[in-house]
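Q: Sequence:
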Amino acid sequence: MEDWDQETLEQVVESKGKEYQQNKPTDIVCKYFLEAVEKKQYGWFWVCPNGGKDCHYRHALPSGYVLKSQMKALIEEESEKITIEEEIENQHAKITTSTPMTPELFMEWKKKKMAERDAGLAAQKAERAKNDRMSGRELFNSDASLFVDDAEAYEKYQREEESDAPEQKVILSYQLYISLSSWEIHLLLVEAYAS
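Take the sequence shown: its position 188, counted from the start at 1, is 188 in UniProt numbering, and no numbers get skipped.
Mixed in with the good hints, there may be bad ones.
Claimed, not checked - Label pairs and their calculated CB-CB ranges: (1) 11 with 89: 37 to 47 angstroms; (2) 63 with 43: 16 to 26 angstroms; (3) 117 with 67: 53 to 63 angstroms; (4) 137 with 94: 40 to 50 angstroms.
Stated by the list, open to error - When the alpha-carbon atoms are kept at most 25 angstroms apart in a straight line, the in silico DSS-like pairs for lysine-lysine are as follows: (5) 94 with 111; (6) 31 with 53; (7) 111 with 130; (8) 113 with 125; (9) 40 with 81; (10) 31 with 68; (11) 39 with 72; (12) 72 with 53; (13) 40 with 72; (14) 72 with 31; (15) 53 with 39; (16) 81 with 39; (17) 53 with 40; (18) 110 with 125; (19) 81 with 94.
No lab work stands behind these hints, which were simulated from the structure alone. Since the model is a prediction, treat every value here as computed from it, not as a measurement. Positions of the beta carbon are idealized from the N, C-alpha and C atoms, including for glycine.
Go ahead and model the full structure; you've got the sequences and the hints to work with.
A: What follows is the structure, encoded as structure tokens:
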């Protein structure tokens, strides 16, 4: 068992578990089973000291169970890892040639990046135009003359021109007449213009 890995151990426990797991009244894992697994005594010929096959407890590893010996190795490995900040500092220290950043250098870099981006966008736009996949906005921006109406075109939403004449106030009053015999309601709208 000393050279078994976690997967092999789980396979052995599963195969032997069929004979141990019949009609178990509890979900508690047998402490002798866990002890044997931790001490690497568990194997094909191991018998539970708590009654063998008649042990009332389960002889199966809990889900996600990690051996204590493996846990120690994981903790040691984790402690040996360096943090992200230390890794960044190490990588930064490895860089031997560096140019100090000045506002002039930054502006040069920014102009270069903007020119590269504009060139990429222009190439992308040309590719889309070549494949006839331009949006309506792109078509209109590229050639607005394609979207001019005819001289006889009807403009449905044309605004009325405002006159410079002073506005008149319109007073609306409502008079309501009810005819009880026919149950009709008549509404009379009376407009009175006031200047």
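Q: If a hint holds in the structure, say so; if it does not, say that too.
A: Going through the hints against the structure:
Evaluation of the 37 to 47 angstroms hint for residue 11 and residue 89 yields a pass: the beta carbon distance comes to about 45 angstroms. Take residue 63 and residue 43: their Cβ atoms lie about 22 angstroms apart, and the range 16 to 26 angstroms holds. A C-beta distance of roughly 55 angstroms is found between residue 117 and residue 67, which places it inside the suggested range of 53 to 63 angstroms. Between residue 137 and residue 94 the beta carbon distance is about 48 angstroms. The supplied range of 40 to 50 angstroms therefore holds.
With a C-alpha separation of about 29 angstroms, the suggested pair residue 94 and residue 111 falls outside the 25 angstroms cut-off, and the hint is violated. Proposed proximity of residue 31 and residue 53 is supported: the alpha carbons are some 15 angstroms apart, at most 25 angstroms. About 28 angstroms separates the Cα atoms of residue 111 and residue 130, which puts this hinted pair outside 25 angstroms; it is violated. Proximity of residue 113 to residue 125 is assessed by CA-CA distance (about 18 angstroms); at most 25 angstroms being required, the pair is judged to hold.
Distance check on the hinted pair: residue 40 and residue 81 sit about 28 angstroms apart at the alpha-carbon level, beyond 25 angstroms; violated. A hinted pair counts as satisfied when its Cα atoms are at most 25 angstroms apart, and residue 31 with residue 68 qualifies at roughly 14 angstroms. Proposed proximity of residue 39 and residue 72 is supported: the alpha carbons are some 14 angstroms apart, at most 25 angstroms. Between residue 72 and residue 53 the CA atoms are separated by roughly 32 angstroms; this puts the pair beyond 25 angstroms, and the hint is violated.
At most 25 angstroms may separate the alpha-carbon atoms for a hinted pair to count; residue 40 and residue 72 meet this at roughly 15 angstroms. The suggested pairing of residue 72 with residue 31 holds, with an alpha-carbon distance near 20 angstroms, which does not exceed 25 angstroms. A threshold of 25 angstroms between alpha carbons decides the hint, and for residue 53 with residue 39 the separation of about 20 angstroms falls inside it, so the pair holds. Pair hint residue 81 plus residue 39 does not hold up; C-alpha atoms about 28 angstroms apart against a cutoff of 25 angstroms.
Between residue 53 and residue 40, the direct Cα distance comes to roughly 20 angstroms. Compliance with the 25 angstroms bound is thereby established for this hinted pair. Straight-line distance between C-alpha atoms of residue 110 and residue 125 comes to about 22 angstroms, which keeps the hinted pair within the 25 angstroms bound. Annotation: proposed proximity of residue 81 to residue 94 holds, straight-line Cα distance about 19 angstroms (limit 25 angstroms).
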